[in-house]
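J.: As given, the protein sequences belong to chains A and B, one line each in that order.
The first sequence begins at 1 in UniProt numbering and counts up by one.
The second sequence begins at 1 in UniProt numbering and counts up by one.
By construction, these hints were calculated from the structure, which means they are not laboratory data.
As the structure is a computational prediction, the values presented were derived from the model and not from experiment.
Treat each hint with caution, since some may be false.
Claimed, not checked - Some residues of chain B that are not near chain A, with every Cβ distance over 10 angstroms (derived):
(1) Met1
(2) Pro71
(3) Ala124
(4) Pro130
(5) Glu208
(6) Glu227
(7) Asp285
(8) His330
(9) Ser375
(10) Val376
Unchecked claim - Straight-line C-alpha distance at most 27 angstroms; calculated DSS-like pairs for lysine-lysine:
(11) A:Lys310 / B:Lys401
(12) B:Lys101 / B:Lys67
(13) A:Lys62 / B:Lys430
(14) A:Lys310 / B:Lys430
(15) A:Lys62 / B:Lys101
Here a beta-carbon is modelled for each residue, glycine too, at the ideal position from N, C-alpha and C.
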Amino acid sequence: MAEETPWQQSLRYANRANPYPFYEELRKTPVARQPDGSYVVSTYREVVQLLHDLRVTSDPRKRPEPDQPDNPLEGSIITVDPPQHDVDRRRMTRHFGPPECPHMVADFEPEIRRLTAELLDQMEGKTRIDLVDEFAFPLPATMICKVLGVPLEAIPLFHDWIETALDGIDFGPEANDPEQQRRAQRVPDAVTGIRQFLADLLHQYAEQPGPGMYSAMVNDDGPEGRLPQDVIISDALLLLFAGHETSVNLIAHSVLTMLRHPHVHEQLRHQPELLVPGIEEFLRLESSVQIWHTRAALEDIDIAGTTIPKGAPLFIAYGSANRDPERFENPDEPHIERPDNQHVGFSQGIHYCFGAPLARLEVQIALGEFLRRVENPRLVEDPPPYRRNQIFRGPRHVLLDIDGIRD
Amino acid sequence: MTVPAMVAEVVRKFRANARIVIVGASLAGLRAAETLREEGFSGPLTIIGDEPHEPYDRPPLSKQVLKGWVPADHTKLPRLREVDAQWRLGVAATGLDRATKQVRLEDGEQVPYDRVLIATGTRARQWPNPAEAALEGVYTLRSRDDAARLQQALAARPSRVLIIGAGFIGSEMASVCRELDLPVTVAERGSAPLVGALGGVIGEIAAEMQRDHGVDLRCGVGVSSLEGDADGHVRRARFSDGTTVEADVVVASLGSIRNVEWLEGSGLASGFWGVGCDAGGRAFDINGVVTDSVYVAGDVARAPHVLYEYQFLAMEHWDNAVLGAQAAAHNMVNLEPHYRPHLLLPGFWSGQFGVNIKSVGVPSFGDEIVFTQGSVEERRFAAAYGRRGRIVAAVTFNHGKWLEYYGQLIEESGPFPPPPPGWDRPDDTKPIPAQFPELGVPTAIPEVVLTGHDPSERKAVFRPRR
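Bound conformation, chain A alone:
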């Protein structure tokens, strides 16, 4: 058996907590061909370049051999190209941000604060907490329900489906292990389950409009009309899932990073105004979306001394680009006031995360209140156990010992 490439090694579950040494190897070949013919782009410059390249498609259906497993997000804006992408994206953003809804995110601030306070209040009297289950997960999950109009009772249900689907997707050398195969077999049912749930919910809103983006989307009478029936569920799924998973991981990783670097924790406690750049730095260091897998070259593309052949699938390694020493000085160290921190944690170009303003606000409030109220938090185990998924990388649990909760 041939030796594994740095890319393959970085994807192994055992390396989930620390893929960075393998990324360092990977960046020695900025655009690296893999044994299966796909190309991995791992350096900042090349990642940015390809995110803006007109010859790159995000739509797996345009590949010569669409050999990927069924795409649960098929037809959603993250896996289609212009012009459809642009129209559909506007059909959603018009219910979320400027120019039509300029106050939407800001108006959620009191709710985010209330929820954050409530979650911290519930920790009173405890000496050990699970940061993920008790804080990092419930806040964004509840908020995305409110933003979209999903009943809060459904959280355990969709959480389970999403977890099952994420566990079953593997791009690495372990994809063919029997255990992973079993996980993969559970994916279609989970996807069917959540899609059916969303179909019912959207149908309900079509009959009886209610609060939130889902209702606005199905009842839209905007200039470009409604999202087509065949993609609206994929887009609804994308919003639900991308709208909280990434924030969960960012909150967990931010606390993890602070506690691993006590001087950073101290600095932020004394200068809470640095939270805003601080969170950008945490996102650079531990990117919530480590890789993205749906892009492919539609033409031969000359880049970084190689030619990506027409048709080749591309993996964009955001997590590696964000630690590229050619772009970020001392990339493995958190530097809260890092100048010119143009990380790609929210991607770039037309697929730039449109939920970024909500994510930033949630994490800024969550982390600010955590810093202010949680007394003497200590990591119980480092590294904590990680979730399996390679794209949406984050800890499954982060156990903390604490001395108490301040008022």
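Here the structure of chain A is known, so what remains is to put chain B in place on it, guided by the hints.
T.: Below, chain B without anything else, positioned relative to chain A:
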């Protein structure tokens, strides 16, 4: 003491004790001041501005301010750091004496300097007939006060607004008038709006946009006179084709004039196109020799650009003011080899008639244009400009997220026409002539211009050796 140590000591002392004067208190002046302090300059710093206001942001003036969304005095520029400067606001500089190293002010005061930055920018070209220009209801738009006055005039709901000149500012104002549901006539001597900056092909599209939004657009005509009523208020404009238009607000949007008059006699390479300087912001004297103590930044600067055959480029753009000022300020308090070049790829944006227009590179450097993405009909597209087989600029209508791609192609001297996209190709992808007008009429002067190699008011005498 080693030589490098001595040099370092010289720089340290200079940063502690030198006197620096910035002439011009707008975006470039402010950012330069901040950069000087950021670089460790702790000596006395004087900022001179002819307007009484602290530095403010101009782009909103023709948009949000005119619409009445934002009061004109709510446009103050954010301060990026303390500058600890002596502000001399409301007093214009009237002269630069390089022999005694002093800036002369209109109140007679002389401000001595060791380094001076010229950031005096431009002003609006006034309606050429002074009596007509003095009529009530005739406006120009450049400053905060201009914007406040014009906003009031628009809020009073005039029966018709006449805008003379359909460059970016003129077109943006026309767009605001339509948003306010005011009848508006636009008179443009060129063949179409934006033709100087973007050429005739794009100009045609801009013209359609204006007409679709109910603008009474008249191209290829000049305004020959403005007529007032007995109270001295403008009422009518007479056009070169003999027609007239009744309007009680007239805005002359005839481009800008660089504020260089105060430099007369300074021996600098200053003239119609601004003050010549190297790519590091160091001013040239009239002989084309670089000076050591005079620097230039912002709208008033013109410097050779490596990407455009080292032609002198003048850029009246926001990022040029910021980045040019930062480079010049850095160079003011550093020595070779630590000089920094200002190698900006020009870029600008405009918002009009619901369309976001953005450009990168120098469109007027190209002679051909090709549509590369999207749909002209739907007003969402990208187009590239080319010259001799290489891409030199690009423009986007509601497609700004792709500019980065074109910017990189331009920086790499990429091919023209550029490789076609993998999706969303326009119907017609054949390059066609870009149709830039000959320079001549004032409104045909684009905001990025290649100004050739000759300062227009050269006073140096060249005597070849016999």
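J.: Now tell me if each hint is right for this structure.
T.: Verification of the hints:
At the 10 angstroms boundary, the C-beta of methionine 1 of chain B stays outside the reach of chain A, the nearest C-beta of that chain being 31 angstroms off. Distance check on proline 71 of chain B: its Cβ is at least 18 angstroms (rounded) from any Cβ of chain A, clearing the 10 angstroms threshold; non-interface status holds. The Cβ of alanine 124 of chain B sits about 29 angstroms from the closest Cβ of chain A, beyond the 10 angstroms cut-off, so the non-interface label holds. The claim that proline 130 of chain B is not at the interface with chain A holds, since no C-beta of that chain comes within 10 angstroms of its own (minimum 42 angstroms).
Residue-level check passed: glutamate 208 of chain B sits 18 angstroms from the nearest beta carbon of chain A, beyond 10 angstroms. For glutamate 227 of chain B, the shortest C-beta to C-beta distance to chain A comes to about 40 angstroms, beyond the 10 angstroms cut-off, and the non-interface label holds. No Cβ of chain A comes within 10 angstroms of the Cβ of aspartate 285 of chain B; the nearest lies about 35 angstroms off, and the non-interface call holds. For histidine 330 of chain B, the condition that its CB be more than 10 angstroms from all CB atoms of chain A holds, with the nearest at approximately 14 angstroms.
For serine 375 of chain B, the condition that its CB be more than 10 angstroms from all CB atoms of chain A is violated, with the nearest at approximately 7 angstroms. No Cβ of chain A comes within 10 angstroms of the Cβ of valine 376 of chain B; the nearest lies about 13 angstroms off, and the non-interface call holds. Between lysine 310 of chain A and lysine 401 of chain B, the direct Cα distance comes to roughly 24 angstroms. Compliance with the 27 angstroms bound is thereby established for this hinted pair. Only pairs whose Cα atoms come within 27 angstroms are accepted, and lysine 101 of chain B paired with lysine 67 of chain B is rejected, the gap being roughly 45 angstroms.
Pair hint lysine 62 of chain A plus lysine 430 of chain B holds up; C-alpha atoms about 25 angstroms apart against a cutoff of 27 angstroms. At roughly 24 angstroms between alpha-carbon atoms, lysine 310 of chain A and lysine 430 of chain B fall within 27 angstroms of each other, so this suggested pair holds. Among the hinted pairs, lysine 62 of chain A with lysine 101 of chain B is inconsistent with the structure: their alpha-carbon atoms are about 67 angstroms apart, more than 27 angstroms.
Hint compliance for this structure: hints 9, 12, 15 are not met, and every other hint is.
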